[in-house]
Amino acid sequence: VVVEDGRVSWGDAPLVINPWDEYAVETAVRQQEAHGGEVTVISAGGENAKEALKHALAMGCSQAILISDPALAGADSLATARVLAAAIQKVGEVDAAFFGRQAIDGDVGVTAAQTARLLGWPALTLVSTINQLDPQAGTIRVERSVEEGRQIVEARLPAVVSVVKDIGEPRYPSFMGIRRASKADIPAWTLADLGLTASEPIVTWPELINPPKREIQTEIITGDTPQEIAEKLVDKILEEKVL
Amino acid sequence: MADKVWVYIDHASGQDFPSSWEAMGAGRALAGDLGGGVTAVVAGENLTDIAEQAVAYGADEVLLVEDPALADYRAEPYASMLSQLASQHQPEVILFPTTTRGREIAAMAAVDLQAGVMPDAIGLEVKDGTVEVTRPVYAGKLLSKAVSKARPQLITLRVRAFTAPEPDASRTGKIIPLSVSLSEADMLTQVVGHSQASSGVSLTDASVIVSGGRGVSNNPSLTPPPGMDEKQAEIWRAQQGFKMIGELAEVLGAAVGASRAAVDAGYIPYEHQVGQTGKVVAPNLYIACGISGAIQHQAGMRTSKVIVAINKDPEAPVFKLARFGVVGDLYAIVPALTEAFRKRLGK
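Note that the protein sequences, when read in sequence, are chains F and Z. Just so you know, we're using our numbering here: the first sequence kicks off at 11 and counts up by one. Just so you know, we're using our numbering here: the second sequence kicks off at 456 and counts up by one.
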């Protein structure tokens with residue numbers, strides 16, 4: 011069994027592990043504990059993405075791979091998904107690839123679905139519970155969190171699974187885990203290693219702007235009794251015509 | 456069938472989502488700039504009602520795809536359906552509401568069509584025939600412009616960022632039944648069941664939200680039933696607090712939200728969480744009860760039209776966002792507020 015986490019991080023902010031991806035790592039490590047096998051953690055990013063990978067190793071992943079290539083700067087979601095799909099194929103014999111829900115910087119949240127589409131694997135997104143995952147039988151049943159409630163879905167493995175917070179709290183890295191991670195050798199793959207060539211991004215981000223400042227005058231409502239405060243507050247809210 | 460602007464109408468087994476009609480409003484505005492009308496895509500089973508509604512909300516034509524394979528929502532056949540229609544008819548733009556389905560179908564169709572997907576737009580502007588999308592990044596701390604050089608431009612719209620038109624039952628439009636060919640390869644998953652959400656009103660669609668935070672468990676005057684340990688007693692107190700918040704929400708027809716602290720402490724399920732790692736909401740009225748207003752919470756609610764904060768700590772950051780604030784004990788204020796609204800709204 012090999013379980014996989016794909017993560018995308020870019021930008022020059024100091025990279026901690028994306029909080030969403032910690033849930034994915036936790037899920038993968040739990041599956042490894044239940045079924046044996048290995049968890050490979052993957053991140054596409056610069057040299058600084060290594061810290062995030064080390065965090066995942068300290069949580070219990072077996073090995074880490076950094077995908078690093080200058081041509082990845084400015085990669086759009088489709089280019090990123092191509093890289094992850096190629097990396098998952100290169101790792102080989104993967105039963106499930108776990109993703110966080112979205113990156114914390116670009117907030118795009120489409121990588122898991124796009125990677126699944128490229129691989130031709132079922133996409134089980136926004137999963138809150140894994141009811142059953144059986145590598146021998148090659149089946150998985152999950153609960154997905156959708157607007158109107160939960161949808162229970164079955165599929166064949168290999169599958170792409172993106173998880174939400176309900177899946178379970180990520181563990182803290184153990185002392186032994188941190189020691190092991192600090193010594194780990196993290197190979198770096200380039201686009202050429204994945205048999206890919208750089209492509210012009212389809213989506214570009216011509217500018218970043220600050221959101222318009224909202225001028226808010228806070229009015230503190232006071233009164234002698236809670237009833238008086240409540241009456242005043244209701245008057246004020248009704249004047250705003252938001253009900 | 457050659458409109459440049461398409462709108463994907465999302466629904467849950469025939470139950471429409473208001474955000475689909477918001478997308479229709481945005482689609483009409485784009486059609487004004489790009490020329491032509493608006494084509495709605497409605498797919499599933501037994502959807503004549505939705506197709507007629509789409510016309511009333513502004514569609515000039517509706518591509519109605521009914522197929523037993525689309526009865527349950529599954530990402531793969533839905534994406535294949537849309538990709539087939541789009542490669543046949545070559546629209547310039549396809550708009551989707553940013554629902555779980557809308558985002559996923561757009562993402563997968565973008566792979567099939569070698570196109571760009573721009574999720575969670577809060578603004579659209581046409582420049583030289585291309586749609587420039589404004590979208591929040593870094594949890595709303597910054598805005599980014601995005602453009603796609605490929606066609607169609609696939610754009611999902613943040614819920615409640617655009618205004619739905621008033622439906623007009625006298626509008627006329629063509630409803631065109633179409634079929635698509637779906638193969639075994641599209642049937643990668645099987646839906647085996649559903650369970651209902653526990654909350655009545657969906658958070659992201661709600662026009663009023665009443666939220667509770669850590670402070671909800673701090674009612675010292677409540678005596679928990681005997682035999683509970685400290686943690687159980689805390690959760691019991693919090694549940695009484697959320698019951699009180701639920702009563703205010705009920706009078707207002709509001710959804711119940713919560714801070715991460717309240718969810719992590721086990722007071723209320725995750726589906727109620729508002730914030731960076733929960734749901735992003737933008738109601739007309741957001742009432743924060745016993746929420747200090749950490750930056751992560753603000754990321755989920757700061758674009759609400761009117762924010763009301765009730766907190767006993769006058770220094771709580773939430774007051775900086777609030778139009779109205781009450782410094783005081785939420786156990787006294789919230790029930791009084793419920794009573795006052797009940798009287799004034801005649802309930």
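Since the hints were derived computationally from the structure, they do not count as laboratory data. What you are looking at is a predicted structure, and each value in this text was computed from that prediction instead of being measured. Every residue, glycine too, gets a C-beta built ideally from N, C-alpha and C. Hints are supplied without guarantee of correctness; some may be wrong.
As the list claims (entries may be wrong) - The calculated lysine-lysine pairs, modelled on DSSO-like cross-linking and capped at a C-alpha distance of 30 Å, are:
hint	chain 1	residue 1	chain 2	residue 2
1	Z	Lys629	F	Lys251
2	F	Lys242	Z	Lys582
3	Z	Lys767	F	Lys223
4	Z	Lys734	F	Lys251
5	F	Lys223	Z	Lys600
6	F	Lys223	Z	Lys698
7	Z	Lys596	F	Lys242
8	F	Lys60	Z	Lys767
9	F	Lys246	Z	Lys767
10	Z	Lys698	F	Lys246
11	F	Lys223	Z	Lys798
12	F	Lys251	Z	Lys582
13	F	Lys251	Z	Lys798
14	Z	Lys582	F	Lys246
15	Z	Lys698	Z	Lys596
16	F	Lys223	Z	Lys582
17	Z	Lys459	F	Lys223
18	Z	Lys459	F	Lys251
Said to hold, decoys possible - Among chain Z residues calculated to face chain F with C-beta under 10 Å, some are:
hint	residue
19	Leu489
20	Gly490
21	Gly492
22	Gly595
23	Leu598
24	Ser636
25	Ser638
26	Ala640
27	Asn673
28	Tyr725
29	Val761
30	Val763
31	Arg778
Stated by the list, open to error - Here chain Z is said to cover these stretches of chain F; the calculated rule only asks that three of the stretch's residues, wherever they fall, bring their Cβ under 8 Å from a Cβ of chain Z:
hint	segment
32	82-92
33	134-146
34	152-160
35	170-181
36	193-203
Here is what the structure says about each hint:
| no. | hint | verdict |
| --- | --- | --- |
| 1 | Z:Lys629 - F:Lys251 | 37 Å, violated |
| 2 | F:Lys242 - Z:Lys582 | 47 Å, violated |
| 3 | Z:Lys767 - F:Lys223 | 27 Å, holds |
| 4 | Z:Lys734 - F:Lys251 | 25 Å, holds |
| 5 | F:Lys223 - Z:Lys600 | 17 Å, holds |
| 6 | F:Lys223 - Z:Lys698 | 35 Å, violated |
| 7 | Z:Lys596 - F:Lys242 | 33 Å, violated |
| 8 | F:Lys60 - Z:Lys767 | 43 Å, violated |
| 9 | F:Lys246 - Z:Lys767 | 20 Å, holds |
| 10 | Z:Lys698 - F:Lys246 | 25 Å, holds |
| 11 | F:Lys223 - Z:Lys798 | 36 Å, violated |
| 12 | F:Lys251 - Z:Lys582 | 35 Å, violated |
| 13 | F:Lys251 - Z:Lys798 | 17 Å, holds |
| 14 | Z:Lys582 - F:Lys246 | 41 Å, violated |
| 15 | Z:Lys698 - Z:Lys596 | 33 Å, violated |
| 16 | F:Lys223 - Z:Lys582 | 25 Å, holds |
| 17 | Z:Lys459 - F:Lys223 | 35 Å, violated |
| 18 | Z:Lys459 - F:Lys251 | 37 Å, violated |
| 19 | Leu489 | 19 Å, violated |
| 20 | Gly490 | 24 Å, violated |
| 21 | Gly492 | 26 Å, violated |
| 22 | Gly595 | 7 Å, holds |
| 23 | Leu598 | 5 Å, holds |
| 24 | Ser636 | 17 Å, violated |
| 25 | Ser638 | 12 Å, violated |
| 26 | Ala640 | 7 Å, holds |
| 27 | Asn673 | 16 Å, violated |
| 28 | Tyr725 | 5 Å, holds |
| 29 | Val761 | 5 Å, holds |
| 30 | Val763 | 7 Å, holds |
| 31 | Arg778 | 6 Å, holds |
| 32 | 82-92 | holds (count 4) |
| 33 | 134-146 | holds (count 4) |
| 34 | 152-160 | holds (count 8) |
| 35 | 170-181 | holds (count 3) |
| 36 | 193-203 | violated (count 0) |
Hint compliance for this structure: hints 1, 2, 6, 7, 8, 11, 12, 14, 15, 17, 18, 19, 20, 21, 24, 25, 27, 36 are not met, and every other hint is.
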